[in-house]
Every structure is written in structure tokens, then in C-alpha cells.
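Knowing the structure of chain A, use the given hints to seat chain B on it.
As they're listed, the protein sequences go chains A and B.
Quick note: the first sequence, position 76, residue 76 per the numbering used here, numbers continuous.
Quick note: the second sequence, position 346, residue 346 per the numbering used here, numbers continuous.
Because the hints were derived from the structure by calculation, they are not lab data.
Among the clues, some could well be false.
To be verified - Computed list of lysine-lysine pairs in BS3-like fashion (alpha-carbon distance at most 25 Å, straight line): (1) B:Lys240 to B:Lys57; (2) B:Lys159 to A:Lys34; (3) B:Lys214 to B:Lys240; (4) A:Lys137 to B:Lys139.
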Amino acid sequence: MPLMIDTTTRQADAITPEFASEAQELISHYPVSKRSASLPLLHLWQNHFGFIDDTGIEWIAAQLDLTPVNILELVTFYPWFRREQAGKTVIRVCRTLACALAGSYEVKEKFCQAVGLDPHEEHHGFGCAPPTTADGKFSVEFVECLASCGSAPVALINDDLVEKISPSGVSAIVEKYK
Amino acid sequence: MASLLQPPHPKERRIIFGNISKPSYGPDIETYLAHGGYESLKKAITMKPAEIIDMVKAANLRGRGGAGFPAGAKWSFIKYDDGKDHYIVVNGDESEPGTFKDRYILHEDPHQLIEGLAIAAFATNVHLSYIYIRCEFPKAAKIVWNAIKEAHAKGFLGKNILGSGFDLDIYVHQGAGAYICGEETSLLESLEGKRPYPRIKPPYFPAVLGLYMKPTIVNNVETICHVKHIIAMGPEEYAKMGTPGDGGTRTMCVSGDVVRPGFYELPCGAVTLGELINDICGGLKPGRTLKAVIPGGSSAKVLRASEVFKLKVKGPDGQMIDKETPLLDLTMDASTLQAAGTMVGSGGVMIMDDSRDMVWALNNLNQFYAHESCGQCTPCREGSLWMSKVTTRIIDQGARPDDAKNLKNIADNIAGRTICAFGEACSWPTQSFLAKFPDEFEKRVV
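If we strip away everything but chain A, and leave its shape as in the complex, we get (with noise of 0.2 Å):
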């Protein structure tokens, strides 16, 4: 599967000075070394400019006395970053057991049908975003435990937790984000 990852774009031209001081706080949470704000100054940067680019990998090393590779074997390891846009509102729907007992993969068809994405369409990981609508607007994606198994099923969408989500009801939350 090749990866499809645009490397035209040059986010590190839009640092500005507001950007580059919250970096040099989180290097400052680390007085023994500066390494661990690999994953801080990531997550800085996904949430910033919604994905890492090469030039985002670079000025991250950069900071932190590291070679870009570094951070590149970070970012492809952990599922949560990404080298693409992705939807301005990602719906991550919980997978594992307890919410699958509750009809997770229902609701995750319900959520890809109501935002207009193909609901069998795979997400290939790698640094590649998850299925995002034409507009933009919208990623759905399937994860593993959201560590909320009581409130079965469960998703994440942007920074909240959405419980106890019925097939029915998912129209009405989606409808919220839009």
C-alpha cells in the first residue's frame, strides 16, 4: 500500500512567535532531557495545523537536538498523528468488545452514512488521515477502547466523550458538529 502523503506543503513558514514559545514551555516540563517533549511538541503541532508535515518533523528535531527521523519513527507509530488533513470534526467510534456487544459497528455505519462516507472504505493507518468527507467537514474512523465500556458504545468526537449512542440518535449528533 504506497503511502499517499503530500509533501508540498511548508507549515514550519507559519510558525509564529505565540507557537514558538508554548514549545519552549513543554521543553520545560523536561529539565532532564529535552527529548520527552517529542510527544508534547507533536501534539502542539497536529492540534495547530491539524497534521505533521515534513517541514513540522524537521523544525520538531530541530527544537529538541534530535535528527528528524526521531520524530518520524514517532509519528508512524502512533495511531494518533497523522501526515494528512483530516475532517474538521473526527468521529472516533470505539471498537473493542463491550462497546462491539452494544452495537458499535451499527453506529459507526450510521455515523459514516450520515456524514456521506462510504462505510466499508478502510483506513489504512501509517500516517494516513482517516476517511474525510469531499467538504472537509468530517472523518469517521473506527478505534480501539475508549476505556468507557459502562456507557456502551461510545465515541470520540473532537475532545468529547459521546455515551450510550443508539443508531437512531446518531443523526441528531452528528448535527450538532456541523
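Below, chain B alone, put in the same frame as chain A:
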């Protein structure tokens, strides 16, 4: 978050969730102080560090994250005056399927964690600590970080805490969606900014070569929270709530096919599985009967409803005798579940009724483990994927006659052959589902 806390059941004893249950309770420091917050820390800093460790030992506090290691023993591995830096890292990477207690503690009572952590740090000569929170709890990270700042402002953290001369800084560190980071050495690699491949033990026991190769304690969120209550009520009183080897309360998270799923804080060993399901959780859904129980998070071996266990108990004359114990009569404590061939683990109890297909359930777990294997050790990286492919094929196309044998063979060649316990965690479901429900695999053969 929808509140999963029902009014307390008579069998419950809410220590950790005592305040969270109150309707007006919130995560801010003023509320915490109004509920007796930071009194245990004030008491602890007047004590000798070794006394605090002795109290935690006497309380019989076992880790609540999964492995169940005695917390006092773990702390005493750290030599107070060895001239090295020490660290405590709180494991808030809660991601074991079936477990959802730490999520609520982090969101709703962060100061309880910070107070326990400050006491633990004082006892073990730690001045820098990290709380590792999975990034799927973005609000919890903000709430805990805010609580840390509040505690600093009130002098419970930072330099010269409450005039004691003791310094402590705590920071929040967010994960990035990898289950493996719940493994303690993987968590440390992640915190060091590396790919989170678990370290091999020996030599990399965290207590010896932990964070930045310095002596380190890694404890679960709930475990650290218990510390303040041990100081407050005294270790004897605390230990009395549980069984001799398993003191205090444990939060049981119940999910799946019961009427009232949720978490219930129960004295260790106070209830049987039957009481937990039928009495506390309202039983199975109408018209359904029990089929299977996973008692301690998805990695714990599954138990079948009709099973009868031979457990050693003290007879009337003090001799140990075998007692036939049906599944629902198992008490929910560490040693009983271990004797039954499974574990209390992280306290995540998943219930499945007679409408459930065990091959489908196993396939769901196999897909989880295939996705979450870090890939460092070949048996786990390849084996978890093979198991997932085989169970997926059984569901899609029916089973081949030798599938069950092959699945067992794959699982048997993972467990015990990997650097970390993920090898066991991913093979135990396959091994136990095959052993307990062979009929379900046989009837799939085409």
C-alpha cells in the same frame, strides 16, 4: 460524562469514589479542601518517610492497574538515600478493554491523585513526577494540569511544600493512542520521547533502571489515590476492609450484558461474582442467561458459566481441603481468581449472555491485540496478526478442521516468548476461549 454512579449499594464502601458520588462535588481545589483535602499530606510530611512506606505495606495495598503487585514492596525497592534522582510516574494510560475507573478519577477528583502522589513522592525522595494520561482523555489532561497549578498556588506542590523543605514538581504527559504504553517500561520509553518498545527485565526493572535510567516507581492512578486514605484512616483500618493479602477497596468496572453496567467500589473480596452480577448489577437482561465472564480486563482468561472450580479452603479442623466452587460463588479477590486460573487484573468485568457468539467475541479481541502489538518481538507481532486473521476467516468463511489446533499452537508460541506481558495478554484470550468453548469452534467447521 453520563454518571455511571448509582446510589451506593449496601455492599459498596466508597473510599476513592466517596466524594465523586456527591452531587455538588467538582474537580476544583476549593471543593477538595472543603471535603478534607490535603489533610493526609499535612500529616504525612510530619512523619518519617520509612513510616509511610511501612503503612502502605501494612495496608496490603496491591496495584490496581492489572499486575496486582504489592505497592509497599514496590516503593521499598527505592533506596531513599542512594544519592540518585528518583521518579514516580503515574500510569493514567487506562486502555485495558473493560476498564474505565481511572477516567472518572482523573476527570472528577484530580486532587485526590495529586495528594496521593505528593505523599508517595515524599516517602521515596522524589522531586519530579509525571502523570501519563492517554490522549483520548483530552479533557482529563486539562483538568489535571489545572489542578496541579491550583495545588502549586496553595503550596501543596513546588518548593518547600507546607514549610517542610520538601520540593516536588508534577507534569502531565499525554500519550498518543498506543495501548502498549500501559506497560510500565513502554510507558517510560514513551515518556523519554522514543518509540515505546518495552524494555527487557532484567536488567531494566523500573525500580533500578527506570525513567532516564534512574530508580522509578510506576503506579496506576487508583493505586496512588488509595495512599491518602491509608494515611487518613490508618493501615489497620484500611487493610481490614479487604482480605489478608489484598487490602482496601477495589473498583470493579462491569460492562456487557447486565442491566446496570458501571463501576462499583467494593471491599476486596467482599462479594462473589454472582452477587456482583445478580445483586449489584441487576442481573442479566430479561430472558437471558449467563454464558461467559471475562473477570479482569480483556487479557484475563475467560470463564464459562457452567464451570466448577476446585479451590483450596480451610476446613473445620484447619486443614486445607478442596472445595467445589461454581463460577458464581468465586469471590472477587486476587487470590481466588488466580486459583480459578484467571485474574482480577484491572477490575474490568465483561459479561456475555447466551445470545453471544464466542468466536465473534474472540475475533474482536484478536483484532484489538493485532492492532496494538508494538511489533518489537516476532512471536507477538506475527502471532497476534495470525490469530486475528484466522478468527476473521472462521467468521467470514467457516472453520477448517485444524483451525482450533492451529490457533492454540500460535497462542502457545507467543506466551512466555516475548519481552513484555503483552505476549501473555494477547494469547490468553485465544487459549482460554478455545479451552472453555471448544464446541463453538467445532460447529463452525465446514
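So, going through the hints one by one against the coordinates:
A threshold of 25 Å between alpha carbons decides the hint, and for Lys240 (chain B) with Lys57 (chain B) the separation of about 13 Å falls inside it, so the pair holds. This hinted pair checks out: Lys159 (chain B) and Lys34 (chain A) have alpha carbons roughly 22 Å apart, not beyond 25 Å. The hinted pair formed by Lys214 (chain B) and Lys240 (chain B) fails the criterion: a straight-line CA distance of about 35 Å is larger than 25 Å. A hinted pair counts as satisfied when its Cα atoms are at most 25 Å apart, and Lys137 (chain A) with Lys139 (chain B) qualifies at roughly 22 Å.
Violation of the numbered hints given earlier is confined to hint 3; every other hint is satisfied by the structure.
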